[in-house]
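**Q** If you want the building blocks of each chain, they are given just below.
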Amino acid sequence: MKNLNEKQILGIIWKCNLCGFCPKDFECPGFDLETRWESSMARGRISIVHAIMQNNELGFQYSPLAKERLFSCTGCGHCFYACPSGIDIPSIITLGKKKLVDANNYPETHKLILDNIKQYGNPFGETSPRDSAWPELKSNTEANTVYFPGCMAIYRLPEVALDTIALFNKFGENIRVLQNETCCSGVLYRTGHSTQLEEVTKSMINDINNNPPERIIFTCPGCLETFKEIYGSELKEKFKGIELIHFSEYLIDKLTDLKNNSDEIAARLENILEKPIIWHDPCHLARGLGIYEEPRRILDTLNIPYIEFEYNRENANCCGSGSGVRSAYPEFSEEVTAQRLEEIKQLGAKTILTACPFCEYQYKAVIEKNGVALEVLDLNSLLTKLLF
Amino acid sequence: MIETSIINKIKNIIGNRYISNDPVELYCYSHDYTSRALSWIYDEYQFMADLIIKPRNEIQIKEIVDLANEEYIKLIPRGAGTSFGGQFLPIDGGVVIDFSVMNAILEINPEEHYAVVEPGVLYKDLGHELKKIGRGYWIPCNPGSAEVCTIGGMIANNASGESAIKYGTTRDYLLNLKAVLGTGQKVQFGSLVKKSVSGLDLLSLLVGSEGTLGIITEATLKFKALPETFITVIASFDSKKAAIEMAGKIQEYITPMSLEIADQAVLSGMNLYLSRIYPKLSLKVSTVALFVRLDGDRETTGIHAQKIKELFMNDKNASDVKILTEEEHEYLWKSRDCSGPSLLRLLRPFRNAAPYAPAILDFAVPFSKIFSFFEALSQIMKENNLGYGIVGHLGDGNLHINTTISLKSEADFKKIGDLQKTLIDQTMSLGGTITAEHGCGLWKAPYLPLEHGKEGVELMKKIKQVFDPNNILNPGKMISPSKLGYFPTSSN
Ligand SMILES: Cc1cc2nc3c(=O)[nH]c(=O)nc-3n(C[C@H](O)[C@H](O)[C@H](O)COP(=O)(O)OP(=O)(O)OC[C@H]3O[C@@H](n4cnc5c(N)ncnc54)[C@H](O)[C@@H]3O)c2cc1C
Ligand code: SF4
Ligand code: SF4
Numbered sequence: 002m003k004n005l006n007e008k009q010i011l012g013i014i015w016k017c018n019l020c021g022f023c024p025k026d027f028e029c030p031g032f033d034l035e036t037r038w039e040s041s042m043a044r045g046r047i048s049i050v051h052a053i054m055q056n057n058e059l060g061f062q063y064s065p066l067a068k069e070r071l072f073s074c075t076g077c078g079h080c081f082y083a084c085p086s087g088i089d090i091p092s093i094i095t096l097g098k099k100k101l102v103d104a105n106n107y108p109e110t111h112k113l114i115l116d117n118i119k120q121y122g123n124p125f126g127e128t129s130p131r132d133s134a135w136p137e138l139k140s141n142t143e144a145n146t147v148y149f150p151g152c153m154a155i156y157r158l159p160e161v162a163l164d165t166i167a168l169f170n171k172f173g174e175n176i177r178v179l180q181n182e183t184c185c186s187g188v189l190y191r192t193g194h195s196t197q198l199e200e201v202t203k204s205m206i207n208d209i210n211n212n213p214p215e216r217i218i219f220t221c222p223g224c225l226e227t228f229k230e231i232y233g234s235e236l237k238e239k240f241k242g243i244e245l246i247h248f249s250e251y252l253i254d255k256l257t258d259l260k261n262n263s264d265e266i267a268a269r270l271e272n273i274l275e276k277p278i279i280w281h282d283p284c285h286l287a288r289g290l291g292i293y294e295e296p297r298r299i300l301d302t303l304n305i306p307y308i309e310f311e312y313n314r315e316n317a318n319c320c321g322s323g324s325g326v327r328s329a330y331p332e333f334s335e336e337v338t339a340q341r342l343e344e345i346k347q348l349g350a351k352t353i354l355t356a357c358p359f360c361e362y363q364y365k366a367v368i369e370k371n372g373v374a375l376e377v378l379d380l381n382s383l384l385t386k387l388l389f
Numbered sequence: 003m004i005e006t007s008i009i010n011k012i013k014n015i016i017g018n019r020y021i022s023n024d025p026v027e028l029y030c031y032s033h034d035y036t037s038r039a040l041s042w043i044y045d046e047y048q049f050m051a052d053l054i055i056k057p058r059n060e061i062q063i064k065e066i067v068d069l070a071n072e073e074y075i076k077l078i079p080r081g082a083g084t085s086f087g088g089q090f091l092p093i094d095g096g097v098v099i100d101f102s103v104m105n106a107i108l109e110i111n112p113e114e115h116y117a118v119v120e121p122g123v124l125y126k127d128l129g130h131e132l133k134k135i136g137r138g139y140w141i142p143c144n145p146g147s148a149e150v151c152t153i154g155g156m157i158a159n160n161a162s163g164e165s166a167i168k169y170g171t172t173r174d175y176l177l178n179l180k181a182v183l184g185t186g187q188k189v190q191f192g193s194l195v196k197k198s199v200s201g202l203d204l205l206s207l208l209v210g211s212e213g214t215l216g217i218i219t220e221a222t223l224k225f226k227a228l229p230e231t232f233i234t235v236i237a238s239f240d241s242k243k244a245a246i247e248m249a250g251k252i253q254e255y256i257t258p259m260s261l262e263i264a265d266q267a268v269l270s271g272m273n274l275y276l277s278r279i280y281p282k283l284s285l286k287v288s289t290v291a292l293f294v295r296l297d298g299d300r301e302t303t304g305i306h307a308q309k310i311k312e313l314f315m316n317d318k319n320a321s322d323v324k325i326l327t328e329e330e331h332e333y334l335w336k337s338r339d340c341s342g343p344s345l346l347r348l349l350r351p352f353r354n355a356a357p358y359a360p361a362i363l364d365f366a367v368p369f370s371k372i373f374s375f376f377e378a379l380s381q382i383m384k385e386n387n388l389g390y391g392i393v394g395h396l397g398d399g400n401l402h403i404n405t406t407i408s409l410k411s412e413a414d415f416k417k418i419g420d421l422q423k424t425l426i427d428q429t430m431s432l433g434g435t436i437t438a439e440h441g442c443g444l445w446k447a448p449y450l451p452l453e454h455g456k457e458g459v460e461l462m463k464k465i466k467q468v469f470d471p472n473n474i475l476n477p478g479k480m481i482s483p484s485k486l487g488y489f490p491t492s493s494n
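Chains A and B, in that order, are what the protein sequence lines are.
Residue numbers for the first sequence, in my numbering: 2 to 389.
Residue numbers for the second sequence, in my numbering: 3 to 494.
Just chain A, with the same shape it has in the complex (with noise of 0.2 Å):
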């Protein structure tokens, strides 16, 4: 997904010769599997942007419809790899609904997620310290690795920041947090706020501009896809010369390390979770941003046995939570995700491993709900388990 301006998704759509081999059934979480609307599929939802934009009188801004299939895709980017023309299609819907949005034609609950994050700096309109687990983070103001943990993990999965605060102590590594961090407004953009974008996290960015680090390590895909392709020109001026990367490809450079553990690791994982391991490639990471083989190359190293999905990597399914669907349409996000663990089922697994806050709580949640007997760990609570 990239931040595109009108006439770029223009010329983009233009591109798309309705060759239909983007919507591939349930690899698109929105495509409605049992009626098959061609305006559920990803071809039908380009075309719903491109009247939207050539043709104003049909009044599609307005239309429940076309709100319902624009804000349900999850911006999961399984199109976009599928389509042969190379049609970048969560950006064009991207656009799609920033045009509703312009119509106040938007679901409800983007709207409490956009006044949260102005008022209170994160989606979820949470006001309790945000770092309390770790106020020595902050007031380390030296360091030249910024932590970034974004908001799902401050204030929804705690144990992913701090499991991965340990590993960087393991490593002896020098690092600060934020002494200002916002939610980056990743999801504004994509639930067609993006016109928000710069005032939200320009406090923030000055932050950064202001004790500029060498590198800002991430845990959350979402997040740094967000500085790294949605972020506008004059935001990344801002932070331009700082190494952006994913926590997986920091651990890289610490393979040999690992494996100096391995035998301890190998030990403990006998006793600590439930196997087969199934690795989820979060769509953020894997597809946003081309990370595949980093998370593999971890558990291969350590010698970590997993399964896959029968779709993984380029081709991996969502587990339907992303682009503020879980939020507008908490019961079809669901939906998705249980289809997820329906597959899970099939294969056997019994814990499902990932590196994205967002698809271990989505998973989490209906896991609990529906009392699937499942665990789920990011990478590096695994790691932490395993080292410590």
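Rather than coming from a laboratory, the hints here were simulated on the basis of the structure.
This structure is a prediction, so every number in the text was calculated from the model and none was measured.
Since no wrong hints were added, every one of them can be taken at face value.
Here are the simulated lysine to aspartate or glutamate pairs, EDC-like style, with alpha carbons at most 20 Å apart:
| hint | chain 1 | residue 1 | chain 2 | residue 2 |
| --- | --- | --- | --- | --- |
| 1 | B | Lys133 | A | Glu311 |
| 2 | B | Lys336 | A | Glu315 |
| 3 | B | Lys282 | B | Glu330 |
Let chain A serve as the given structure and place chain B with the ligands on it in line with the hints.
**A** Then chain B with the ligands, alone, in the frame of chain A:
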């Protein structure tokens, strides 16, 4: 516009869940690549269906056809909507019948080697099931859209593709068809036996009729044992002439499963797509390349592959000769299937937010005339200053010409219309056909008399009259051309 009382009647037949007249849904069903591009300038190409319905069984279809006859409602059958000829366009409103949920595989009979399916079954899904039986079976009439198209759409288009040179077209795999004709009459043409010469071949009339004679409700297709192996040999050629001569030599030796040609532009587009799906394979971008696919038992196919390789190696005009690995083979054909759409990857979208030349031109000429066709084509393109890419089933003389220009003005559209007309004339003068597989649909229908003569088309019209006297089925297509089918040209 269809009256509310009639819509209610249709609702009673189909059920609320499977019917829509939401303008957003209607819009999604109302254009193809070509009409969408044209509508940028010409308002009359902004089509809109009145209603979309999704029947689930023959009874519903029969009731809909009866109602349509009573009320003179147009019916436009639609499979996956992947046709290039505008076959599924509701040019005059009406009810689009979308078969996507009438998609059950009803029977697979390994003893008699046939499968019975509903029309909305995807070719790839049937293929998947057939592969699982015993040593595996297949129906080798796969079009480039095999991954996404329906069996109903394939029958109505008589689709075929890269395997046609050896394995023929969809018609060759049909044993039996059930349909509801335009009259409302339920019919069954064919039988369960592999050959029959009893009476006129009515089944063949329905095949390739593009939804203009009857609505297919069930099809019985025969299948074959999957070959043990597939091997692909590729080579680059420094001239089209050399490649065509080589294709002749290959056919003297063997009829391969596929014998394909791709030019420089197409190879570049395929490479861009490959770089995304399988970066390990990159094709040499030469003047043209030949892809030869062989199938059969391991030993013989290996011998044939070596022989083709030798033929290539002994030709001074050939280079980069290669027998592909199994994995390379798989991705080469995947990218070949999508070579038309992937050509669009070459185009620079950011400069011009305007449509691209939509016409994917499908022609065939006799094998011996292919080079003359190429020469004429290159001349026409040069004169009109048009970029293009050619890909085709060389063995069948079937070529697809894709123009690669951005249409910034009405004059550009007219250029494409002129080109279409000139190429049709050229093809006719060489004894070819105006469409070998993509179909007449809307965009080629007006040119039918050039190929079949007035008398031929008159006969077709009489047949249409018998099958669909009220002209309710797929108006403006094939036998009943619409003036909208004429692309704008510099003379109109
Ligand atoms: C990338 C690409 C490559 C292609 N390559 C080839 C190729 O190699 N060879 C080839 O032949 N075509 C090719 N095509 C064109 C097209 O995809 C095929 O002809 C395909 O079989 C059409 O199937 P569909 O399900 O999309 O049907 P649609 O396009 O939806 O419909 C096709 C026709 O069938 C009629 N129809 C559909 N269902 C019924 C029914 N139940 N009863 C009566 N009429 C019905 C429709 O009215 C229409 O006239 C290609 C298309 C693409 C996008
Ligand atoms: S695969 Fe690409 S070109 Fe084909 S319909 Fe989908 S977006 Fe359009
Ligand atoms: S991004 Fe994902 S959800 Fe959205 S249309 Fe594409 S495949 Fe479907």
